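Residue numbering for the sequence shown follows my numbering, beginning at 489 and increasing consecutively.
Note that these hints are calculated values from the structure, not bench results.
Model, not experiment: these values are computed from the prediction.
It is possible that part of the hints are untrue.
[What the hints assert, rightly or not] As a list, the in silico EDC-like pairs of lysine to aspartate or glutamate whose alpha-carbon atoms are at most 16 Å apart: (1) K549 x D604; (2) K549 x D565; (3) K542 x D604.
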Amino acid sequence: MANDTLSLLGCLSAPAGRDKTVRLLRHLAHFYSWYLVRSNGSPSSTAACSLAQKHTAISLKVLRFGSFVFPLKAAVDTVYDAKGLTPVLPYATVGKHLGIAGYLALDMATLLDMTDIRKWDKAATIQ
């Protein structure tokens, strides 16, 4: 029992473990909601599952909040450490990192809209 608890705590202490756990809960809520719809479940239980899906989506966005900085740092590191690479590879790598950073920055902006911190008209089109 103690080893199981320690391994669970070890998984949840890492950001990747928390992200995977929240994704698992989100997928289970989605599956259970689908099951309730297919088996003519009550609308109140289906609504509870969709609410759980919404809250896990918000918690995933909270876990990713501010993480756009890491791809930007990786892009800068690629520019300064591009010695010995083919001429095209640094440009492609920097483009990849900037694309990921842009996605995460827009994801952060939609989080502000989802949590009603700052309303944004175009958030629905970006999500």
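CA of K542 to CA of D604, is that 16 Å or under? holds, 14 Å
Do the alpha carbons of K549 and D604 lie within 16 Å of each other, as the hint requires? holds, 14 Å
Below or equal to 16 Å on CA atoms is what counts here, so check K549 against D565. violated, 26 Å
In this structure, only the earlier hint numbered 2 is contradicted, and the remaining ones agree with it.
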